[in-house]
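Following the hints, put chain F in place on chain A, whose structure we already have.
Protein chains: 2
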Amino acid sequence: MRTRKILLGHGSGGRMTQELVNSVFKKTWANPYLDQMLDGAILEVGSQRIAMTTDSFVITPLFFPGGDIGKLSVYGTVNDLVACGARPLYVSAGLIIEEGFGVEELEKIAASMSKAALEAGVQLVTGDTKVVEKGKADGIFINTTGIGIIRTEVDYRPDRIKPGDAVIVTGKVGEHGLAVLAQREGLSFSTPVTSDCQPLHRVGELLARYGQEVRCMRDPTRGGVATVLNELAQQSGTGFIVREEDIPLDPVVQGACEMLGLDALYLANEGKMVVVVAKDAAQAIVEDLRQLPESRDSAVIGYVKDEVPGLVLLETELGAHRILNMLESDQLPRIC
Amino acid sequence: MRTRKILLGHGSGGRMTQELVNSVFKKTWANPYLDQMLDGAILEVGSQRIAMTTDSFVITPLFFPGGDIGKLSVYGTVNDLVACGARPLYVSAGLIIEEGFGVEELEKIAASMSKAALEAGVQLVTGDTKVVEKGKADGIFINTTGIGIIRTEVDYRPDRIKPGDAVIVTGKVGEHGLAVLAQREGLSFSTPVTSDCQPLHRVGELLARYGQEVRCMRDPTRGGVATVLNELAQQSGTGFIVREEDIPLDPVVQGACEMLGLDALYLANEGKMVVVVAKDAAQAIVEDLRQLPESRDSAVIGYVKDEVPGLVLLETELGAHRILNMLESDQLPRIC
Chain A
1 MRTRKILLGH GSGGRMTQEL VNSVFKKTWA NPYLDQMLDG AILEVGSQRI AMTTDSFVIT
61 PLFFPGGDIG KLSVYGTVND LVACGARPLY VSAGLIIEEG FGVEELEKIA ASMSKAALEA
121 GVQLVTGDTK VVEKGKADGI FINTTGIGII RTEVDYRPDR IKPGDAVIVT GKVGEHGLAV
181 LAQREGLSFS TPVTSDCQPL HRVGELLARY GQEVRCMRDP TRGGVATVLN ELAQQSGTGF
241 IVREEDIPLD PVVQGACEML GLDALYLANE GKMVVVVAKD AAQAIVEDLR QLPESRDSAV
301 IGYVKDEVPG LVLLETELGA HRILNMLESD QLPRIC
Chain F
1 MRTRKILLGH GSGGRMTQEL VNSVFKKTWA NPYLDQMLDG AILEVGSQRI AMTTDSFVIT
61 PLFFPGGDIG KLSVYGTVND LVACGARPLY VSAGLIIEEG FGVEELEKIA ASMSKAALEA
121 GVQLVTGDTK VVEKGKADGI FINTTGIGII RTEVDYRPDR IKPGDAVIVT GKVGEHGLAV
181 LAQREGLSFS TPVTSDCQPL HRVGELLARY GQEVRCMRDP TRGGVATVLN ELAQQSGTGF
241 IVREEDIPLD PVVQGACEML GLDALYLANE GKMVVVVAKD AAQAIVEDLR QLPESRDSAV
301 IGYVKDEVPG LVLLETELGA HRILNMLESD QLPRIC
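Residue numbers (the UniProt record's numbering), protein chains in the order written: chain A, 1 to 336; chain F, 1 to 336.
If we strip away everything but chain A, and leave its shape as in the complex, we get (with noise of 0.2 Å):
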């Protein structure tokens, strides 16, 4: 790494991430789990397979449009698990809060990781709660980690990713993303932004009884989309083709980032799954999950194409190609 400081860009869970894990944690933490390449770990505990997955939560401000940190903590850490294939069942909360935190703030959140939790069928079974000093954090951080059993009849890897695979995105793209952006920065727009903060575990049930044709999923929050594409790209030595013109976006996300020069295949969401499925399966599955409220916009973005292997390309309305890089550093520091 050329700098040996940490900076923002470290978090944004794009390349800068990317080369930070791999060059200080797989090398010296080394083990199969940590090599699966997942949105967490599939462990053999006895007899049983399950998915493991963590994640800290720190985002700023901690309520927003659609949400807050506590919903966002528990939903998080129960999409991972459907990405990786698991019925989420549990979940941990590990809390840092700054002293001087009010405790209305924290009975908010309280109630809102409960009520999150029982929306999502998950319980939150063990915590543990410590306090630094006023400035030493910044409110409130949560971790939480989940585990579920993993579903027999799946097998979620990104090798298992073939050429003409039809890629799947779950709704429309980078509401999280703006609307913490447009909190933050006291922007409006014509129609408030919200984010997509949701569970999705029957998302996940849903797409189990396609067993097979099913290849892999990922929850594409920080770094977007187009980050998620880059690593299944990276880690499945194909490449992908994405149609500009199929992605599903709200008129509001695409006019609001227009005018600030953002793209929304990089801004955060926190409800949808991108899902690489077999090509035959493709349209009775997207016809499958727009009955559910939280996949109604679900829409074919793309494809696997071989001759491009490691790259995403965008395919723009005028049939022009360009290369979708994975995120560099940060568009948003904080978004999660």
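Think of the hints as simulated: they come from the structure by calculation, not from any bench.
Check each hint, because a few of them may be wrong.
Same chains, same names: a pair is fine if it fits in one copy or spans any two.
The calculated PhoX-like cross-link candidates involving lysine-lysine, where the alpha carbons are at most 20 Å apart (straight line), are [unchecked claim]:
hint, residue 1, residue 2
1, 115, 26
2, 115, 305
3, 115, 27
4, 279, 162
5, 27, 134
6, 5, 27
7, 162, 305
8, 27, 108
Same frame as chain A, now just chain F:
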């Protein structure tokens, strides 16, 4: 709660932490797992009984005599799993890093975690890295969450504690707390005090051989031995008598406590277990424990007495009794 702001004492692990957890979380999150009153949750995952436990580490300084935040974060979670009666298996790591933190320090911490995991027989299977702006955290905070398989032969619950049972501590008390305090305040003693930071998975294995004769055990970290015994007294509805002269104590720790006005029974330990066992098995268990280097100073320090339900009494060398309360707020913030 009288105060409506979070105070440092709410993170002490003592009475204020208990009040906060009860008033904010237990009420809203109510479920049978949280009510188990253990250092973690015991869960059914398919046909398997597993333990899950979480802890965030916010210790300052990050490197201290006898350890560092990396090692501590792995052993802390391993020891909580042991206290649940589990064989520790897998650990996740969620890192929150302050912008500007040195990459070299991060590498040292990552290597220390890796070494600790190897030592304790667990694997670091999944992780998450977040970065917050300079001044919004304090170097690095680490959450670890662990899972392990519950040993079939054990059943550790406070409500299995019976009058007459013996209380064992697996070694000298107060070393971690004093080492961190000394490092922080620039104190030096005739013989340096180092943290007792060590994994107790072999202690767990040994105790499992005694099956149901071991009633319950707990890891006396924040709030020390006195606080843990108070928790057990409340949860079991019994009382404890602790004999002052039987408490294993390093003379340097004893001298420093006298000088500084500290009570070693409230100082944090990071490699000790408080174990309640059947009276008749106590001597054999202690002798066995003394065969392991990590528990060579094990001793019976007291017994369970029904006549003082909910109380912990210290019997002084002169035969007088005084009440050992739970730690009120904070003797020393950010000790783990």
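Against the structure shown, which of the earlier numbered hints fail to hold, in ascending order?
Violated hints: 2, 5; rest satisfied.
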